[in-house]
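Engineer: Whole structure, please, built from the sequences with the hints as guidance.
Residues per chain are reported as follows:
Protein chains: 2
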Amino acid sequence: MKNFKDMLHKYAKLAVDIGVNIQKNQTLVINSPIECAEFTRLMAESAYKSGAKNVEVMWHDESLALIKYLNAPEESFKEFPEWQIKRLNDLVEKNAAFISIAASNPDLLKEADPNKIAISNKTKSTALKDYSNHIMKNDVAWCVISVPTKAWSKKVFSNSDENEAVEKLWNNIFKIVRADRDDPIKAWEKHIENNDKKVDFLNNHRFKNLHYKSKDTDLTIELPKDHIWCGCGEYNKAGTYFVANIPTEEVFTLPLKNGVNGKVKSTKPLNFNGNLINDFTLTFKDGKVIDFSCSEGYESLKKLLQMDEGSSYLGEVALVPFDSPISNSNIIFYNTLFDENASCHLAFGKAYSSCLKNNDKLTLEETKKLGANDSLVHVDFMVGSPDLDIIGETHSGEKIQVFKNGNWAF
Amino acid sequence: MKNFKDMLHKYAKLAVDIGVNIQKNQTLVINSPIECAEFTRLMAESAYKSGAKNVEVMWHDESLALIKYLNAPEESFKEFPEWQIKRLNDLVEKNAAFISIAASNPDLLKEADPNKIAISNKTKSTALKDYSNHIMKNDVAWCVISVPTKAWSKKVFSNSDENEAVEKLWNNIFKIVRADRDDPIKAWEKHIENNDKKVDFLNNHRFKNLHYKSKDTDLTIELPKDHIWCGCGEYNKAGTYFVANIPTEEVFTLPLKNGVNGKVKSTKPLNFNGNLINDFTLTFKDGKVIDFSCSEGYESLKKLLQMDEGSSYLGEVALVPFDSPISNSNIIFYNTLFDENASCHLAFGKAYSSCLKNNDKLTLEETKKLGANDSLVHVDFMVGSPDLDIIGETHSGEKIQVFKNGNWAF
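Those protein sequences? They're chains C and W, same order as listed.
If you're matching positions, the first sequence starts at 1 in the working numbering and goes up one per residue.
If you're matching positions, the second sequence starts at 411 in the working numbering and goes up one per residue.
Heads up, a few of these hints could be off.
[Stated by the list, open to error] With a straight-line cut-off of 27 Å between C-alpha atoms, the simulated DSSO-like cross-links for lysine-lysine are:
hint, chain 1, residue 1, chain 2, residue 2
1, C, K399, C, K197
2, C, K5, W, K478
3, W, K488, C, K94
4, C, K116, W, K459
5, W, K496, C, K94
6, C, K94, W, K532
7, C, K78, W, K459
8, C, K122, W, K434
9, C, K110, W, K463
If you're looking for bench data, these hints aren't it; they were derived computationally from the structure.
Structural biologist: Structure below.
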C-alpha cells in the first residue's frame, strides 16, 4: 500500500480543488460527521492553502440523531430552526462552496419509529427547499464525497474487525477516487475528458425515449424535448467548473415526468435515511409508480413514495457501465455515492433542472411545463445489471443501441 | 475506583438536573467540543429522560480553530455570521437551557498570531453582546462543566501518558463534582445549603469595602451600596433554580467600578483564550489597572486590558477558602472552572448585574450608575493564597475579619 497519509492529503486536495474547485477568498462549507474530523481538518487546511477566506464546518453526529429518535416526542420532529435556513441561504448568497461527507451507518435507524423519521424528513425537506433548489440548479459549487466511519465500514466488510474494516474501506475509496495515482488531479482531468465523449454522443442523438430491457425489467422512459445529458462536471452561476460527486462515473439527464411506463427491478439495496430497502420492483404508468413490492423495507419505501406528489415520479436517468471501476470492485457499499456510480440508476423525486436547455432563464413553473418533476426529495436507486440492454429511439424513429449487456454499446 | 460508567451517568444527570435543572418540554443547548461527544450524548439522553423536548448541540473543534488562525487571512476574523447571533437569541427567547463544556487545550494558540486572536475575540464578544447580557443577567438557566480531553489532560498530568492522564483527570473531576458519591444530587443539595450560610453572613453585614492583605497583595475593593452576594445557585427569569458552575465553591459579588485601589498578585496561571498568563501583578487606581507586570504572556495580558474601556476594571469579587476540595487536590488545572473554585479570585471586565438588588428592573445604564462595570469580556484570575487575610469594613466603620490565612475566619 502506498503511504496512507499521502493519499489522505491527495484525496483532501481533490475534494477541494477538483470537487468544488475553491476560488480565492471564497468560503468553504463542509458538512461533516464529527467522526470524520481528521479528514475534514485536512480539507480545511487544503482550502486555506488554495486561497479560501474561511472554512465553516457544519458538524453532525448520527448517534445523537438516533438518541433523539429514540427519546424525543413526535412534536419535536415537526420543528426546524429558522437560523439553519438563514445560515444556508446566506452562504448561497455569498457564493460559498459546499462539500458534504456521506458516511452514514446504513443500519442506524433500524429501531427508530418510521413515523418520526417520515415527519423529520418532510420537515427538513420543506424547510430546506430553497437551498435544495439552489444546489440542484448548480447556483453554487458543491461536491459529495465519502469518508469511512466505523459503523459504515463494518456494514461493508462485516467479516473484518472494526479497524481492519475501516482500513479496507479507505483502500477501496482511495482506488476508486484515484487518490492512489501519482497525480490524481491529472487522472481526473483525463477521466472527465472520456466521460464527456459519452455526453456528446447522447446529446448529439437527442433521443425521444430510452427502452430498458433485462430479465426483470421492461421500461420505457421518454425524455423532454429540451433535455441535456450531463457528465462529471458542471458550471455554477459564477462560471466555476466543479465536480458534484467524487467518485462519478455517470452520464445523466432528466426523464419526462409523465412519460415513464413499464416495470423495473432494483439491483442493489437502497439506504434511505438509515433504513435499507431491498429487491424492489416498481410498476409505472404515465410516469407514476402505481404498484410496488420488495423483500425488505416495505414501510420505508411506502413512506418515500407517499412523501409528496412528486416522490412517486422519476427525476433522474443515469447511465453507468456495469464494467465501471466501482462495479468491478464487487463491493456493495450501502452508500448511494458509490453504489450509484457502479450501476445505471434512476431517482425518485426532484429533477436536476440543470439538465434542461437555458435552465438559468427558466422559473420552476416553466421547468415543470417542460416535463421536469418537482418534489421535496431526490433519492437514487440502482437498476443496472449485466443483462441490461438500452435502446434509444430518436424523434425520426431511428433505434440505436446505447447499452448492451450492461455496458456502453458504442 | 468505583464503576466508571456509573459515575459518567451520574455526572451527566448532575449537569442536566442540578446544573440547568431542565424542565418539561424545554430545549437543551449543549456547547461541546467534538472530542467530548460521548459525554454529550449521555447528557442528551439524560435530558430527554427528564422531559426535554429537544437537545441541540453546538459542536466545535479547537484543532479547526487553530488551522484557521494559522492559515486564514486577518480579514476573516473580522466577520461573525448573522445566523449564529439569530440562533442564540432565538434560543434565549424560547427559554432554552445552556450547558457549556469548558475543556480547551491551554497551549492551543501558542503559535497563533496574537493580533488575529485579539481581533477574533473582539469580533465574537461584540457580536454576542446581547447573548452574554442575557446569560449574565440569568435570564436563562446555564451551566459550565468540564470533560477531559487528551490535550488538556496531558497539560495537567504532564508526566503521564495520554490515556493515563485522561483517566487521572476524570477521577479528579468525578471527586470534585461529587459524582463519586452514592447520591450526588443529595450531596449537592447539602453543599448548596452550606454555601448559602456564607452568603447570608456576607449579605447581613453589607460591607462598604474589603481589604485584601498578603505578602504580595495590598488591595482595597469598595462594594456598591446595592450589592448582593450570590452562591451556588440562582433563579432564571422563568423562576427555575439553577447552578451555573459545576463545580462551584465560591461566594461572589460585584465591586464598585471606580473603588479599587492598591496592588494584587495572581496566584495561579490564567488561561486566556489558549494562551497562558503567569505570575502577574496589577496596580489599581480608582478602579483602573494603571500598571502591570508578569513572567509569561505579557502581550496577551496587554491585549486583554486594552480590549475595551471596561476590560481594565474589575467586574467580580469571589471568595473561596484555600482549604476547598479543589485546592486540596493540589492540582493546577489550567482551566478557569476548576482553578477559580480553588481560590479567591477577581475578574476583569463585565460585572454580573444579578449581584445588584432589583436587577431585573434595571437597565444596563442604571446598573452602570450603581457602579457595575461593563465590558465585552469577563475574565477571572486567581488571587487566593495561604497567607491571605481579608477584612470587611461596614458602613458604620466596624472592621470584621472575613478571611484569615486563606480561609473563612468565621
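Engineer: Hints first: check each against the structure and report whether it holds.
Structural biologist: Here is what the structure says about each hint:
no. : hint            : result
1   : C:K399 / C:K197 : holds (20 Å)
2   : C:K5 / W:K478   : holds (21 Å)
3   : W:K488 / C:K94  : holds (16 Å)
4   : C:K116 / W:K459 : holds (18 Å)
5   : W:K496 / C:K94  : holds (18 Å)
6   : C:K94 / W:K532  : holds (24 Å)
7   : C:K78 / W:K459  : holds (20 Å)
8   : C:K122 / W:K434 : holds (26 Å)
9   : C:K110 / W:K463 : holds (22 Å)
Hint check: no violations occur; every hint is consistent with the structure.
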